[in-house]
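Engineer: Residue numbers (this note's numbering), protein chains in the order written: chain A, 22 to 621; chain B, 175 to 560.
Treat each hint with caution, since some may be false.
Taking lysine-lysine pairs in the DSS-like style, the calculated list, with each CA pair at most 25 angstroms apart, reads [unchecked claim]:
1. B:LYS264 - A:LYS596
2. A:LYS566 - B:LYS462
3. B:LYS544 - A:LYS592
4. A:LYS575 - A:LYS599
5. A:LYS566 - A:LYS482
6. A:LYS590 - B:LYS264
7. B:LYS544 - A:LYS568
Note that these hints are calculated values from the structure, not bench results.
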Amino acid sequence: MIPHIRNFSIIAHIDHGKSTLADRLLERTGAISARDMKEQLLDSMDLERERGITIKAQAVRLAYDAPDGIQYELNIIDTPGHVDFTYEVSRSLDAVEGALLVVDASQGVEAQTLANTYLAIEAGLEIIPVMNKIDLPAAEPERVAKEVAGVLGGSPDEVIAISAKTGAGIDELLEAIVDRLPPPEGLESDPLRALIFDSYFDTYRGVVCYVRIKDGVLSKGDRVRFMATNNVEGADEVGILTPAAVPVASLGPGESGYLITGIKEIDRVRVGDTVTRIDHPATQALPGYKEPKPMVFSGLFPSVGDDFERLRDALEKLRLNDSALQYEPETSTALGFGFRCGFLGLLHMEIVRERLEREFDLDLVATAPSVAFKAFTTAGATIDVRSPQDLPAANQLDHIDEPYVKVMVISPSEYIGTIMDLAQSKRGEMGKLTYLSPERVEIDYELPLAEVVFDFFDALKSRTRGYASLDYEPSEYRTSNLVRVDVLLNNQPVDAFSAIVHKDRAYNYGSAMTKRLRELIPRQLFDVPIQAAIGGRIIARETVKAKRKDVTAKCYGGDISRKRKLLEKQKEGKKRMKMVGSVEVPQEAFVSALQIDTDG
Amino acid sequence: MAEPALVDVAERAAGYLGAYVHIPFCEAICPYCDFAVVSGRDGEVVRYLSAVVKEISSSEPIRPVDAVFVGGGTPSHVTGLADVLDAIRKRHGIARDAEITLEANPEDWSDDKAVDLRAAGFTRVSFGAQSYDPIVLDYLGRRHTADQIDLAVTSVKRAGFNSVSLDLIFGSPIESDRSWSGTLERAVGIDPDHISTYALTVERGTELSRLVNRGATAPDADVQAQRYEMAEEYLGGAGYRRYEVSNYARPGHECRYNLTAWAQGEYMAFGMGAHGHLGGVRFRNVRKLDAYLDAIERDAIARAGEEWIGGANGDRADGSDEERVVLGLRRTSGIAMDDVAASFLRHPAGGRLVEAGVIAARNGRLVVLKPLLTDEVCASFLASRS
Ligand SMILES: Nc1nc2c(ncn2[C@@H]2O[C@H](COP(=O)(O)OP(=O)(O)O)[C@@H](O)[C@H]2O)c(=O)[nH]1
Ligand code: SF4
Ligand SMILES: [Mg+2]
């Protein structure tokens, strides 16, 4: 037992105030002077600050002088709230003993409140329920306290009411953290076992690992072994995050911090691995993490062909910091060389793309996202289909299965009818309906993942005016009536635009894509048909009419220099064209066509 | 007598020396016009013409010119052009059979003017007729009537000029097929020697472009293509040969001065905003009236810029081949099938154009069969070279 340490996470539904609460705790314990304080301080990525969301879990150590006269060391991990990043949450929960479950007093329990609570219970954590935003006029503390107590099976009196904005209730919360959360276990004399719960690549220092010491002591200068990859390295630097990185001589049991060994090769470090000491080694590694399963796939291609190597390098580095990201090389006739990437969801996909573009200065094209299907051939083989190109030819195809997910929707009860209609139109199968309180209900569904990620979520938000929330987890594969829609340019299929969609959606996809391309493809020397087809059957057709006139009317002695400049410009345009069969298509046309949501 | 072949007419111009004189004065500025023009500055005409004479007289003597073009602006709006021609004659000489063109607006014309200008030496008059449809004339902001066009042409013919030409503009949004065919019929009816037909173009910075940006209907390229084809068919039937994208002539009446430019030939330039091409250099004068007057009166030169092109006098440097092809392909007779032309035909881009029937090899020349796509051809050619 290390009685003066408390390790905990803050978990909540998105926007319920985790990051703001972390700010208050930092401020109250003096980790950050009021002068350096900025809002949502732990959201250090530009992207997080702009979007106002937490993407990465963040760890920080605080020194708290409790009224009992003892100084406690608090290690907080702030976590993301969006369903796509559940994986980040569950990882950070393995590095702590307790969790603050934050619920917005004006909103009540929502889907990720429940989902994260289940994760915390599964991880065996002690949970302190916290009701935030009690300063809001719309707060309903009594109702919400009851709801929260209902979920955790305790009494409403145990719920601590705070305002992360005004600071009300923060002292009481700090007391509760010390009183109610258990200190970490682990002995200094045991062999070192440190869990790598995150890592990132620093250009100057190489791989930086975030570790949580479970047993033993890690000191600067130790020879350490990464148990899964079997690498032996020297601990060049050991330190803590306050949140600024501060080197220390050693980290003991229950403590979290960082470790730098000078490793530059990214593939030699794996998040979830255990670090031990050579001179006093552990025999058994800590249980690692389950490999996260990507749910959504999309091709990422550099807009500029020769950026392929840079993209590979960037993906390697980003993966170190985002272990849920998967990728493998892919070739497209329209877009050239790139990678087929697997993501946890659409938000994750968007975030990865933006991080690649910003942090690695790349310009990327993403193809239409798709879920992973399973195709069964007439010959009895099963094929994993992560891209429409993986689908066998129609005559060899027996059937296709698509992934379903278990969906939990939480909503004010007045929207039950609306939600049921919507779910039904998205091929949903209803499970149980539970009242969390007279005004609030949980409805469970089985839905195709594709419907959930591409459409259901947005539709749900808009039809319930933002009051319903949703969480999902993978369930099973089911056989569905799926077709591949191909888009043909001048009778040649263009791979980047193919999509596997439910039969009822095929026409919408096809006509949206062909219309869009008609606007984007410049007129050529001949009429260019743009068609959407299922197998040999055309379901939508547009035509780009042949260009009839482009000549400058006047070109005399006085116009020649200007004329040459105009032609130079046209020439540059031509050089940016990609030939698809005999059709010249500007790269930008592919990019813009893929940028719209064509699933509507 | 056999008609002179267009190839010969076009190629001969490569050896000509031209002279361009710019007269920027206009009664008012037409909404589509982006030339170097001024209006309301008629008080400066005398000063301007003496500046031009001074510029000519202090220019480097070369050799007698084969084609003079006095353009604008509206040269017919001013008097005193005889002095300009005299200055050229004195400094450089003018070949005995030279073509000397004057641009004119129909509303300025009179029999007296015709006689004076003919006597001064002009051999050719090109009228800014634009249309015979009063609605179109009004849309274009023109200040003459259809009848004034006919009167002016008749007067030029009577005064014994070699050629008279009409400029026509088609494809304005208010024009109809009927209006355009009516204009073509009346133009041919008055029997000019030469006709230029221009698709109305919205140029940046013009009143027309401001209107279009504010939501006025813009000309439609497909409609213009169709009107272009109407003109090609009608004028061809009436005995006019198309010798460049926008120019038609009765055989022997092709404009020498313009052919010189399309053959990458040389021409001197005088007056504000005038462009020239001499010794492998393209140059231009300042485009502002006051700046021009000021420079010349200070005994300075009025150059605003110049650019080495190469290509003149057999000296082929950067850019010259490209320019020669791009200019030459505007001509119906195209360009000689030399190495440059042949390698374009072998390039996939050239091959696609051949396949689509846009260009072809004909009688040892590379020609554009679909003149409306000439820019596409030129851009493909340039792209194929880099
Ligand atoms: N009125 C009020 N607003 C709060 C409070 N706590 C957080 N917020 C606001 O709620 C929004 C979401 O907060 P944030 O900390 O980013 O939530 P997270 O997504 O859970 O990290 C922000 O606009 C905060 O300013 C509070 O106690 N009272
Ligand atoms: S008269 Fe001719 S030069 Fe003058 S403004 Fe009109 S179009 Fe331009
Ligand atoms: Mg946050």
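Engineer: Are the Cα positions of LYS575 of chain A and LYS599 of chain A separated by 25 angstroms at most?
Structural biologist: The given pair, whose Cα atoms are some 30 angstroms apart, is violated under the 25 angstroms limit.
Engineer: Measure nothing beyond the straight line between the CA atoms of LYS544 of chain B and LYS592 of chain A; if it is 25 angstroms or shorter, mark the hint as holding.
Structural biologist: Measuring from Cα to Cα gives roughly 19 angstroms; hence the hint holds.
Engineer: Is LYS566 of chain A within 25 angstroms of LYS462 of chain B, Cα to Cα?
Structural biologist: Distance ~43 angstroms between LYS566 of chain A and LYS462 of chain B Cα, so the pair is violated.
Engineer: For a C-alpha distance cap of 25 angstroms, please report whether LYS566 of chain A and LYS482 of chain A respect it.
Structural biologist: The hint is violated at about 41 angstroms.
Engineer: Is the hinted pair LYS264 of chain B and LYS596 of chain A satisfied, with a Cα-Cα distance of at most 25 angstroms?
Structural biologist: violated, 50 angstroms
Engineer: Going straight from one Cα to the other, do LYS590 of chain A and LYS264 of chain B come out at no more than 25 angstroms?
Structural biologist: Distance of about 43 angstroms is beyond 25 angstroms: violated.
Engineer: Would the hint linking LYS544 of chain B and LYS568 of chain A be met if the CA-CA limit is 25 angstroms?
Structural biologist: Holds - the C-alpha atoms of LYS568 of chain A and LYS544 of chain B are around 11 angstroms apart, at most 25 angstroms.
Figure legend: structure checked against the earlier numbered hints; hints not met, in rising order: 1, 2, 4, 5, 6.
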